[in-house]
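K.L.:
Read top to bottom, the protein sequences are chains A and B. The working numbering puts the first residue of the first sequence at 1, with every later residue one more than the last. The working numbering puts the first residue of the second sequence at 328, with every later residue one more than the last.
Be aware that one or more of the hints could be misleading.
To be verified - With a straight-line cut-off of 27 Å between C-alpha atoms, the simulated DSSO-like cross-links for lysine-lysine are:
#1 A:K53 <-> A:K269
#2 A:K191 <-> B:K781
#3 A:K159 <-> A:K58
#4 B:K615 <-> B:K779
#5 A:K191 <-> B:K779
#6 B:K512 <-> B:K781
Calculated directly from the structure, the hints in this document are not laboratory data.
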Amino acid sequence: MNSISKRQLAALLLITDMFELFCFGGSMSLETLYGVLAGIALQLLAALVFAAKGGELKKQAAVFYLVYAVFCGGTLFSALWRTSGAVYIPSESGKGIWGQLLTAGLIALVCLYSSSTGIKPVARAAVIAAAAGIFCLGIDFASAVLNADWSNITVPERKGFFYEVVRGGALSGGLGSMVVLSGEVREGRQKAFVWYFAAKAAVSAVLILTVLAVTGGIMEITDFPVITAAQLSQPFDAQRIDSLFLVIFAVFAVFSAALQVMTGAYLIKRIFPQFVRWRSSTVIAVTIGAALLISGRELLLIRACAAAAALIIAPLSTKRSAAKSSG
Amino acid sequence: MEKGGLLPSLDDSIKEIRRISGGSSDLLINRFVTGGIHCALLCCEGMVSTSVITELIFEPITDIPQQKDSHGLFHYINEQLLLSTDRPAVRDYDTLFRLINSGFAVLIAEGISFGLAFGVQGYSSRGVQEPSGEGNVMGAHEGFTETIRTNMSQIRRRLKSPELVMELFAKGKKSHTDLCLCYMKDRVPKSLMERIRRSLDDVELEAILTTGHLRPFVENGSFELFDSTGTTERPDVLCSKLIEGRAALLVDGVPYAIVIPRLFCESFQTLDDYAYKPYYAVFIRWLKYAAFLAAVLLPSFYVAIVMYHPELLNSTLFMLLVEAEKKAPLSIVTESLFVLLMYEIIREAGVRLPKPVGGAVSIISGLIIGDAAVNSGLVSTPLLTMTALSVLGGLVVPELNPQVTVLRFVFIIAGGVFGLFGISLLACAVLVNICATEDYGFPYTAPLSPFKRKGMGDTALRIGIREMQSRSFTVEEYHE
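Generate the whole structure from the sequences, applying the supplied hints.
P.N.:
In C-alpha cells, the structure reads:
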C-alpha cells in the first residue's frame with residue numbers, strides 16, 4: 001500500500017463521519033453536540049495511546065477490524081437506504097428492495113473502480129471531495145442560517161448526557177480504517193490523529209449548531225435533522241440550492257463506502273495472502289449482505305461499543321517486534 | 328537496413344548503394360576525380376541546398392592537389408578544408424542512408440572503407456509562423472515549425488544558458504525520425520531523465536509521425552482520462568516549462584513539443600496570465616475553471632434537474648422550461664444528445680474540410696440548421712442555450728476538449744438515467760481517475776491534491792512576478 005499524508009487520511013475519515021452525521025436520525029439538541037464532542041475527546045485519547053505504542057496489528061486484530069469494516073460498511077448502506085426518502089434518489093424511489101439494491105450496486109461499482117486504483121488516488125480525491133463538500137455545505141448552511149432562530153440552540157434535552165455520548169461515539173465508522181491505515185501515513189500517527197479529530201470536532205460543532213438553529217423548532221417532527229436543515233436553506237425567495245447537498249450526499253456516500261471496502265480488502269490481503277483476486281468485490285458483496293441484515297436499524301449502542309472496541313483493541317493487539325511508527 | 332561496412336571498391340560500393348536503395352530516383356550519385364582519386368558524392372534530391380553544396384563542397388574539393396591515396400585525400404579534406412561544421416564519419420550503409428536522407432552529402436572514395444558526410448541541408452520547410460492553436464495576445468507570435476533544428480534554435484534563442492541540454496537521437500525503424508530531448512540539467516533530477524530515456528528505449532515503432540506516437544511511452548500505462556504529458560506549439564511556453572524543471576521532447580516533422588510531466592492546473596494557464604496584472608489574471612483563471620465545469624456538467628445538470636428534481640428550480644424558471652419542453656417531441660436526454668451530436672458532427676466537418684468550406688459549413692449549420700431546429704420545435708430553446716454555453720465553455724480550455732467532449736455525453740446519460748445521484752457517482756469515478764493520473768511520480772492534480780501551499784500561488788491565484796522570482800519553483804516540489 002502506498003503512503004498517504006495526514007490531511008488525506010483526515011479527509012477520508014472526515015467524509016465518513018460527515019456522511020454518518022447527514023444520516024443522523026432523531027432529534028438533536030445542544031447536549032447532542034456535547035455528546036459528540038465528548039465522544040471525540042475520548043476517542044482522541046485512546047487513539048493517542050495507540051499512536052504512542054505504535055507497531056503492527058496482529059492477525060486476530062486484523063480479523064476483528066475486517067469484521068468491523070464490513071459492519072460499518074453495512075451500516076453505511078443501511079443509512080443510505082433509510083435516508084433515501086428524504087434525499088430523492090431516482091433509482092430507488094418507489095422500487096422497494098430492487099431500487100435499494102440498484103443504488104447499492106451503483107455505489108459498489110464506483111467503489112470497486114476506486115479501490116482498484118489504490119489508496120493513494122482515493123486519498124487524493126477525498127481531499128478534493130472533502131474541501132468541495134465543506135465549501136458547498138458552507139454555502140448551503142450559510143444560507144440556512146439566514147432563516148435560523150438562534151434561540152433554538154437552548155432547546156433542553158430529554159434523553160440524558162450518557163445517551164448523547166453513545167450517539168456521539170456511534171458516529172465513528174472510520175475508526176477501524178483509521179487504525180488500519182494510520183501505519184501508511186507519512187507524517188506519523190499522532191499528527192494524523194490530532195488533525196483528524198480536531199477537524200471532526202470543528203465540522204461537527206458547526207454543523208450541529210447550524211442544524212439546531214434552523215430545525216430546532218421542528219425537531220420533534222424531523223426524521224433527519226441535517227438533511228432537513230439543508231433542505232430549508234433558501235437564500236432567495238424562490239430559489240433552492242439544496243441540489244448542492246444532494247450531490248455532496250452521494251459523493252460522501254461513495255467515499256465512505258470506498259474507505260470501508262479498501263480497508264476490508266487490505267485486511268483480507270494480510271489475513272489471507274493467497275487470496276489475490278476479487279478481494280474488493282468480496283468485501284463489497286459481504287457489506288451489502290450486512291446492510292440487508294441491518295435493514296434500516298440504527299444500532300446506536302452496538303456501533304458505539306464497536307467503535308470503543310476498535311480503539312481499545314488497537315493498542316493491545318500490536319506486535320512488539322514491529323517498528324514503532326508513531327509521530 | 329544494411330549494417331555492413333562500406334566496400335573499399337568505389338564501383339562495388341555504388342552498386343551496393345543502388346541495390347539497397349532499389350534504384351530510387353531521388354538518390355543522386357555524382358562521380359568525379361579529385362586529387363587524382365576517383366570519388367563519388369551522394370545526396371538526396373530535394374534534401375540538400377544546391378548553392379551550399381556547390382559553394383562549400385564542389386568548389387573546394389575540385390581544387391585539392393594530387394594525393395597519394397584516398398586516406399591522404401580524406402586527411403587533407405579533414406585537416407585543410409572546412410567544408411561544413413557538421414561532418415560525421417560514415418562507416419556503414421545504415422548510417423550512410425540515414426545521413427543522406429537527412430540532407431547530408433556523403434563523399435566516398437576508391438580504396439577506402441569509410442566516407443565523409445557534410446551537413447548541407449536545404450529542404451524546403453514552412454517558416455516560423457504564429458501558432459494556430461495557442462492564442463496569445465501579449466506574448467511572442469512565433470510557433471514551432473516542422474523542422475526540428477529550427478525548433479531547437481528557437482528554444483536556444485530564448486534560453487542561452489549552458490545548462491540547457493538538447494540530446495538529439497533518432498527513433499523509428501523505417502522513419503529514422505530525429506527526436507530531441509531537452510532539459511535544464513540543473514533543474515531536472517538525473518533519475519528522472521534516466522527514467523524518461525528508459526521509457527524511450529521501449530519505442531520500437533516503424534515510423535514516428537506525430538507526438539501521439541510517442542506520448543504513450545512516456546505516460547503511465549494505466550487507463551487515464553486525462554493526459555499526464557502535455558504538448559505545446561509555443562517555444563516561449565516550452566522554455567517556461569523547462570525552467571520549471573520539466574523535460575521536453577521535440578519530434579522532427581511535428582510543430583509540437585511534448586512536455587513531461589503535465590499537471591491539470593496547467594491547462595488553465597496561459598502566457599498572457601503573466602503579462603496582465605495579477606487581479607485580472609486571477610479573474611481570467613477562475614473564469615476558465617468555471618467554464619470547464621460548465622462545459623462538462625451544465626447540460627447534464629439541466630437534464631437531471633428538469634427530469635428528476637424540478638423542485639430545485641424557482642417557479643418562473645420552472646414554468647419557462649415546462650413551456651419550452653412540452654413542445655419538443657423528444658425526451659430531454661435524447662434531445663440533448665441529439666443537439667450535442669449535431670454539434671460534434673458540424674465541428675468535425677469544419678475541422679476536416681478546407682478552410683473556406685469549413686467556415687461556410689459552420690455558418691450554414693449554426694444559422695440555418697440551428698434556427699430551423701428551434702423553429703420546427705425539434706429542439707427547445709433553453710436546451711439549445713445550455714448546450715451552446717457548455718460548448719463555448721469547452722472552447723475556453725481547448726487543451727481539454729477531447730476529455731470535455733466525451734465526459735459531457737457520459738454525464739448527460741448519467742444525469743438522464745439516475746438524476747443528480749448519477750452525476751455525483753460519475754463525478755466520483757472521474758475524480759478518482761484524475762487523481763490516479765501520475766507520470767514519473769508527479770501527481771496530475773498537484774498542487775491541489777496532494778496539497779502544496781506554495782504551488783497554489785500560481786493555481787488558485789497568480790501572485791506577482793516579484794514573489795515568483797523569490798520562489799524559484801521547480802516541478803520537483805510536487806514529486807511523490
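K.L.:
Is the straight-line distance between the alpha-carbon of K191 (chain A) and that of K781 (chain B) 27 Å or less?
P.N.:
Between K191 (chain A) and K781 (chain B) the Cα gap is close to 21 Å, so the pair holds against 27 Å.
K.L.:
Take the C-alpha atoms of K615 (chain B) and K779 (chain B), compute the straight-line distance between them, and say whether it is at most 27 Å.
P.N.:
Holds. K615 (chain B) to K779 (chain B) sits at ~21 Å (cutoff 27 Å).
K.L.:
Within 27 Å, alpha carbon to alpha carbon, are K191 (chain A) and K779 (chain B)?
P.N.:
Holds - the C-alpha atoms of K779 (chain B) and K191 (chain A) are around 18 Å apart, at most 27 Å.
K.L.:
Starting from K159 (chain A), check that the Cα of K58 (chain A) is at most 27 Å away, please.
P.N.:
39 Å, violated
K.L.:
Given the hint that K53 (chain A) pairs with K269 (chain A), test it: the Cα-Cα distance must not exceed 27 Å.
P.N.:
24 Å, holds
K.L.:
Please work out if K512 (chain B) and K781 (chain B) have their alpha carbons no farther apart than 27 Å.
P.N.:
23 Å, holds
The structure is inconsistent with hint 3 alone, although it conforms to all the rest.
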